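Chains A and B are the protein sequences, given in the same order. Going by my numbering, the first residue of the first sequence is number 28, and it counts up by one from there. Going by my numbering, the first residue of the second sequence is number 28, and it counts up by one from there.
Treat the hints as calculated values from the structure; they're not laboratory data. Note that the structure is predicted; figures quoted are calculated from it, not measured. One or more hints might be untrue.
Copies of the same chain look alike in the list, so a pair counts if it fits in one copy or across any two.
Said to hold, decoys possible - In silico lysine-lysine, BS3-like type, Cα no more than 27 Å apart, as pairs:
1. K40 - K170
2. K168 - K40
3. K40 - K344
4. K216 - K202
Number of protein chains: 2
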Amino acid sequence: MDEFDLIRRITPKDTYQRSLIMGIGDDASVYQPHSHCEEVVCVDTMVEHVHFRFDFSTPFEVGFKAVAVNVSDIAAMGGTPKYYLVSIAIPPHGDETIVTELYEGMKALADSYHMDLIGGDTVATRSDFVITVTVIGEVSKGKACYRHSAQTGDVVFVTGELGSSAAGLSILMNKAAPSKAVDADFFLKRHKMPQPHIAAGHICSSFPRVTLNDVSDGLASELNEIAEASCVMIEIEADKLPIHPDLQVLRKDWLEWVLFGGEDFVLTGTIPESNWESFESQCQKEGIQVTRIGQVKDDQAASVMLKDNDQQTMLMKKGYNHFKK
Amino acid sequence: MDEFDLIRRITPKDTYQRSLIMGIGDDASVYQPHSHCEEVVCVDTMVEHVHFRFDFSTPFEVGFKAVAVNVSDIAAMGGTPKYYLVSIAIPPHGDETIVTELYEGMKALADSYHMDLIGGDTVATRSDFVITVTVIGEVSKGKACYRHSAQTGDVVFVTGELGSSAAGLSILMNKAAPSKAVDADFFLKRHKMPQPHIAAGHICSSFPRVTLNDVSDGLASELNEIAEASCVMIEIEADKLPIHPDLQVLRKDWLEWVLFGGEDFVLTGTIPESNWESFESQCQKEGIQVTRIGQVKDDQAASVMLKDNDQQTMLMKKGYNHFKK
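Just chain A, same shape as in the assembly:
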């Protein structure tokens, strides 16, 4: 594969962002940030056979997801994605068709947010694809949603539903065999082509004090990060956790997927009780599913508790622990 030819083909012919001064085609890209905004930056890497497999996902789907997981991090700050850079290490089995489809998948997700590809690198590697995506976005000054501002009495919420991506992966790995009655395509799509919750993040950032994480490592892990950063106890209720109705058909222990499955790329966080109604109604107006799943509790060590009927369970980042009555 000729690198110059590849660069020519992936270089966008048009750009979306008017503040872009120099895109691909010089030593670095140059853009003019908006004066009323702060810049938001993140990077994520996906490795073949670790994060994706071409017998599970098409190159298009892999590319789509590689950008989506980064855009989800921007959503979790309440930001708007603007630019992305792609660095891709290509193994000997990576022919031109695969690489082109990877970039098309990335472009499909990026186009839906009017993001411009402004840089990258293509290099050779000996065994597996390694795809690194950097995303740069912006958020209005002082409006970013962090993890450290949760307070006693806040409502704990989640946008969208939980456990679907893990269910999709299980179906792919033949660990969960869906009957005809189960909408398998729904779960597969959630796993292979997750949609970042940018619009929900925008609503969050319009309120004065929202803590926010995207659910990449599982709900328990994300809420623990908020509990630690804010030094609060978070209590969630098992029967409030939003799921697709078919999830319970796929697995008896479906709660495992919901709490620890991860890769849902929905948002979870906390908001003051006094803002809840307005927040909920704004989400509804925009067709965003938002569910109240618990509350920030008073005077406790930083922790996450799950209430399931009369039982209280302490949720650690990666599993249950320390059962209490």
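Chain A is already provided as a structure; the job is to place chain B on it using the hints.
Just chain B now, kept in the frame of chain A:
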């Protein structure tokens, strides 16, 4: 290796940039760009066994170079590096000591420019290290140095000397055997720990019209990029090309290293004749070596010509071509 533990250890305790609002520790980093500046962004990947080998370079040196090559791209825009993000795919042979030293090498280069590490990812891979560094810098509004503004009559210059990095690599690969009289350490250091020319880039950006590239792919390649982007003919003179005196001792065809060796990470570009004296004296004041190596010529197709005594040779990106008279 525990990822959380690693992140804790590499997370900077202090930060340099006062405009950094949220560094490592949330879904994304947030910073306030300077209102009189434009943002400059680039990304570069280095793959083990392709771009580096641990029997040639220590992990510290590899980390240092991984950031240096990106900072050099910022230098080539006339910019100042501010932040960097590191994504690293770690193979089974990548133990904690190697990874820690890689980050220490990156930090050593970054510290010298007061750059803050503001994000990254650590993932597993099956065979080779893949290190991707994103650097974000800034340049005063309208002051970035591009490739497309060269004009007839401009002086062609280079900062520092050429061919040293390629000579260093040859010594490492036992292709060039240095005698005792040769300063081998000089060439090895140029190859293993290149110093980006940020200060020289700043002087360039203070002039109204400078075209600029860093010499990563070899002088011939970089000047061809300027010639193409600016639609001009560039003529350089072989006897003006600055080299370390020992270079000629190492190899009879040393000009190959100078023109096509690459990885020198000095800057090359063009500046109007009327600015040359002032430019040269500013460089001298700051102890920066700058050499006039040729001129932009009138009325020719985009190309790069080498004058060597009476011979004129057309320089292609990757080699000689099309010998004339």
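Here is what the structure says about each hint:
For the identical chains of this complex, K40 and K170 are inter-copy neighbours only, at 25 Å across copies versus 33 Å inside a copy, given an alpha-carbon limit of 27 Å. In this assembly of identical chains, the alpha carbons of K168 and K40 lie at most 27 Å apart only when taken from different copies (25 Å versus 31 Å within one copy). In the homo-oligomer, the alpha carbons of K40 and K344 lie at most 27 Å apart only across protomers (24 Å), although the nearest pairing inside one protomer, at 44 Å, exceeds that limit. Taking identical chains as interchangeable, the C-alpha atoms of K216 and K202 lie at most 27 Å apart only when both belong to the same chain, with a minimum of 17 Å there against 54 Å between chains.
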